[in-house]
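Residue strings, one per chain:
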Amino acid sequence: MAWYMVRDDGTASAGGGIESSKPTGDWSTLGATSNYYESIEDAMNASPAPDHDDMILVSDVHDYTRAADINYTENVVVMSVDDGAMEDYKFGAKETITGTSADFTNDGTFKKSFSGITFVCGDNFAMAGNNVGILLYDCNIVLNNNGSRFAAVAVAGVLRLINSTVTMSVGTTLGLFEATDGTSIECFYTDFITTTGVTQDLFYQGGGDTGFMGLFVGCDMSTFEGYIIGGVGGNESSDDRLDVQMYNCVIGADLTGWIEEGFLNWSQRLLAVGCSEDNAHSRWQFYQETFNGTVTSVDDASVIRTNSDVTFDGGKTISFRIDSTSDCTPWIPLIFKLPTKFLPLSAATTDHIEMHMAVETMALTDTEFWAEVNHRDGTDLKIPIFRTSRELNLIADGTPYDDDSGSSIWEDNGVDLVGWNEYKISVDTTEGAGASDSVPSLLINCGVDTTSDPIYVSINVNAAAA
Amino acid sequence: MPIVSQKVVAYKVGAGWMASINYLFSDGRKLRKPPIFCKGQLDAEQKATKFQAEINKKVVLRDAGKAVRNGVLTAVKDATLIQVQFAWMQAGVKAAIDKDPYGAFNYLKHHVQSMIDSGFKNSDLAIRFDTDEKTIQKIKDTWLKLKDAESTLMLHKAIQEGIK
Numbered sequence: 001m002a003w004y005m006v007r008d009d010g011t012a013s014a015g016g017g018i019e020s021s022k023p024t025g026d027w028s029t030l031g032a033t034s035n036y037y038e039s040i041e042d043a044m045n046a047s048p049a050p051d052h053d054d055m056i057l058v059s060d061v062h063d064y065t066r067a068a069d070i071n072y073t074e075n076v077v078v079m080s081v082d083d084g085a086m087e088d089y090k091f092g093a094k095e096t097i098t099g100t101s102a103d104f105t106n107d108g109t110f111k112k113s114f115s116g117i118t119f120v121c122g123d124n125f126a127m128a129g130n131n132v133g134i135l136l137y138d139c140n141i142v143l144n145n146n147g148s149r150f151a152a153v154a155v156a157g158v159l160r161l162i163n164s165t166v167t168m169s170v171g172t173t174l175g176l177f178e179a180t181d182g183t184s185i186e187c188f189y190t191d192f193i194t195t196t197g198v199t200q201d202l203f204y205q206g207g208g209d210t211g212f213m214g215l216f217v218g219c220d221m222s223t224f225e226g227y228i229i230g231g232v233g234g235n236e237s238s239d240d241r242l243d244v245q246m247y248n249c250v251i252g253a254d255l256t257g258w259i260e261e262g263f264l265n266w267s268q269r270l271l272a273v274g275c276s277e278d279n280a281h282s283r284w285q286f287y288q289e290t291f292n293g294t295v296t297s298v299d300d301a302s303v304i305r306t307n308s309d310v311t312f313d314g315g316k317t318i319s320f321r322i323d324s325t326s327d328c329t330p331w332i333p334l335i336f337k338l339p340t341k342f343l344p345l346s347a348a349t350t351d352h353i354e355m356h357m358a359v360e361t362m363a364l365t366d367t368e369f370w371a372e373v374n375h376r377d378g379t380d381l382k383i384p385i386f387r388t389s390r391e392l393n394l395i396a397d398g399t400p401y402d403d404d405s406g407s408s409i410w411e412d413n414g415v416d417l418v419g420w421n422e423y424k425i426s427v428d429t430t431e432g433a434g435a436s437d438s439v440p441s442l443l444i445n446c447g448v449d450t451t452s453d454p455i456y457v458s459i460n461v462n463a464a465a466a
Numbered sequence: 001m002p003i004v005s006q007k008v009v010a011y012k013v014g015a016g017w018m019a020s021i022n023y024l025f026s027d028g029r030k031l032r033k034p035p036i037f038c039k040g041q042l043d044a045e046q047k048a049t050k051f052q053a054e055i056n057k058k059v060v061l062r063d064a065g066k067a068v069r070n071g072v073l074t075a076v077k078d079a080t081l082i083q084v085q086f087a088w089m090q091a092g093v094k095a096a097i098d099k100d101p102y103g104a105f106n107y108l109k110h111h112v113q114s115m116i117d118s119g120f121k122n123s124d125l126a127i128r129f130d131t132d133e134k135t136i137q138k139i140k141d142t143w144l145k146l147k148d149a150e151s152t153l154m155l156h157k158a159i160q161e162g163i164k
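In order, the protein sequence lines correspond to chains A and B.
Here the first sequence stands for residues 1 to 466, numbered as in this note's numbering.
Here the second sequence stands for residues 1 to 164, numbered as in this note's numbering.
Rather than coming from a laboratory, the hints here were simulated on the basis of the structure.
Please read all numbers here as calculations on a predicted model, not as lab measurements.
Please note that a few of the clues may not be correct.
Unchecked claim - Calculated pairs, EDC-like style, for lysine to aspartate or glutamate (alpha carbon to alpha carbon, straight line, at most 20 angstroms): (1) B:K12 to A:D278; (2) B:K12 to A:D412; (3) B:K39 to A:D412; (4) B:K12 to A:D300; (5) B:K30 to A:D313; (6) B:K58 to A:D254; (7) B:K57 to A:E236; (8) B:K99 to A:D209; (9) B:K12 to A:D254; (10) B:K30 to A:D449; (11) B:K134 to A:D123; (12) B:K30 to A:E236; (13) B:K39 to A:D254; (14) B:K12 to A:D453; (15) B:K7 to A:D453; (16) B:K47 to A:E225; (17) B:K94 to A:D209; (18) B:K66 to A:D209; (19) B:K66 to A:E236; (20) B:K7 to A:E236; (21) B:K39 to A:D313; (22) B:K30 to A:D453; (23) B:K94 to A:D327; (24) B:K39 to A:D300; (25) B:K12 to A:D313; (26) B:K7 to A:E360.
Stated by the list, open to error - Ranges between beta-carbon positions, derived for each pair: (27) A:D88 to B:Q52: 57 to 67 angstroms; (28) A:N130 to B:K134: 26 to 36 angstroms; (29) B:R29 to A:S346: 22 to 32 angstroms; (30) A:S267 to B:L144: 42 to 52 angstroms; (31) A:V198 to B:D124: 24 to 34 angstroms; (32) A:I193 to B:N122: 33 to 43 angstroms; (33) A:I332 to B:G71: 27 to 37 angstroms.
Using N, Cα and C, we set each Cβ at its ideal position, and we do this for glycine too.
With the hints as extra help, turn the sequences into a complete structure.
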């Protein structure tokens, strides 16, 4: 393992800036400026070039500026360290591209991580290498010009931001990420900030050549005022996989919508869980968008089943509202996963899984709407068992579900829903070896168009007797 | 065909609102816009109205894109001849970027040479095709490179066909 040293007053060339043992103490102990490189790129271009088990250590006072592209092209770890104590990690090193057209580029198949570094972009922070991997930990990426963005066109590449900040200082007006080629964008605990101007979309356009995936966990995304996915999705042939999942993120009160264009392909999905601008709502928020409709969680200001033992703060219960489209049929249903809890399915008194739904006018049958349950086998626990409430003759006329209006109380904003169809689905888990006590997986399948008559499914899933 | 009506339904979600929007076009087509955030029914209706121009434009682009996919060189549904021509040219540039020069050649061969021969300046062509001069130049450059390599492209294609 070798240590490649970088500070902006460095003059090293070839192997001049390489330390064979881990440096400690003040930067001055390195001696002459010829013992460290001027820039991270110079260190990557050293001879011998750094490899994946080497580290490039950059002084936290490093402040390097260039007007042209800066190219990061090695498998290596790059870290900002204390100029006064090189053995200590310290946020602070900075590399800047001036002007409005040059990029930070990450070509090639290289995997690298950067920690504690600020990148001030002229134009884009770009990645284009096949299978390239970039991890930015505790970094600050400053997009300094209108139109600057993360341009992610790396075949199966991964851009991962952890505990970092993206600062958009001159209005990245359209969108932050433009991704194609199957790139994955993963952000954990990362804040997106607009200091000047307006930032519209998180993802804007791109989406071609197998598309992109996005995963956002615990991020502050309140700066976006357009869409999470904008300008892409509405072209069936050229817009490929668009799969974005968000968990426990803050979104802005000014966000226009989750996605701009209706999805047309099966590989396209946006899933947001626990993401809101509102404190109470964030605890139970759920939204799923696919090509054949949306599923949105609603509370007692809308339609809910009041006799539910699954509650949030203040006794609030929720239901999932299904707005499916005419693309839904019994054979191409809208599918979503209903949250479940631990259920004592092994006992005879609790070996049926019950769920409840309500709809204003539609008569729901077991060919149009059904639940699929996956639970653990009663004897051999590792074996997953599949059950369904679906009519097994897929072409048969369906049987209406049991009327549940005698035991369920459904209300719309506190008003009893008189005349609505209130149903119960009961899935028997007793066949064969039955079920073990476990947390089952439950998929709701909606095979009808609910454009004019949304279906509401209670989050209350229980174990009950036959 | 423009939008003739919109159906907007706002519903409460948490402390705020969302709204579903469905548009009906004069030729009977329907388009669903994914739900938006709003402040209530009136706000949703106003937003839905604002979106109409953009939605109309997207429907035209979609029609033009379908024309290209179906190999149609004439006006189709809401897309005019000029819009279809531009869609062919954009498909050609995209194919070139996607490293499919033979495909790019076949997309671009229909209209670009006549566009160049017309003698119009890029600024005029940008107006004609509702784009910018940079895009026009990119289309021209891509075509001229491919045209210069036409015999090589055809040979390459023939070899590909031969080894299948």
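Hint-by-hint comparison with the structure:
| no. | hint | verdict |
| --- | --- | --- |
| 1 | B:K12 to A:D278 | holds, 13 angstroms |
| 2 | B:K12 to A:D412 | holds, 10 angstroms |
| 3 | B:K39 to A:D412 | holds, 19 angstroms |
| 4 | B:K12 to A:D300 | holds, 9 angstroms |
| 5 | B:K30 to A:D313 | violated, 41 angstroms |
| 6 | B:K58 to A:D254 | violated, 23 angstroms |
| 7 | B:K57 to A:E236 | holds, 16 angstroms |
| 8 | B:K99 to A:D209 | holds, 11 angstroms |
| 9 | B:K12 to A:D254 | holds, 16 angstroms |
| 10 | B:K30 to A:D449 | holds, 14 angstroms |
| 11 | B:K134 to A:D123 | holds, 18 angstroms |
| 12 | B:K30 to A:E236 | holds, 16 angstroms |
| 13 | B:K39 to A:D254 | holds, 10 angstroms |
| 14 | B:K12 to A:D453 | holds, 16 angstroms |
| 15 | B:K7 to A:D453 | holds, 13 angstroms |
| 16 | B:K47 to A:E225 | holds, 14 angstroms |
| 17 | B:K94 to A:D209 | holds, 10 angstroms |
| 18 | B:K66 to A:D209 | holds, 18 angstroms |
| 19 | B:K66 to A:E236 | holds, 9 angstroms |
| 20 | B:K7 to A:E236 | violated, 24 angstroms |
| 21 | B:K39 to A:D313 | violated, 24 angstroms |
| 22 | B:K30 to A:D453 | holds, 17 angstroms |
| 23 | B:K94 to A:D327 | violated, 29 angstroms |
| 24 | B:K39 to A:D300 | holds, 18 angstroms |
| 25 | B:K12 to A:D313 | holds, 18 angstroms |
| 26 | B:K7 to A:E360 | holds, 19 angstroms |
| 27 | A:D88 to B:Q52: 57 to 67 angstroms | holds, 59 angstroms |
| 28 | A:N130 to B:K134: 26 to 36 angstroms | holds, 28 angstroms |
| 29 | B:R29 to A:S346: 22 to 32 angstroms | violated, 54 angstroms |
| 30 | A:S267 to B:L144: 42 to 52 angstroms | violated, 36 angstroms |
| 31 | A:V198 to B:D124: 24 to 34 angstroms | holds, 33 angstroms |
| 32 | A:I193 to B:N122: 33 to 43 angstroms | holds, 38 angstroms |
| 33 | A:I332 to B:G71: 27 to 37 angstroms | holds, 28 angstroms |
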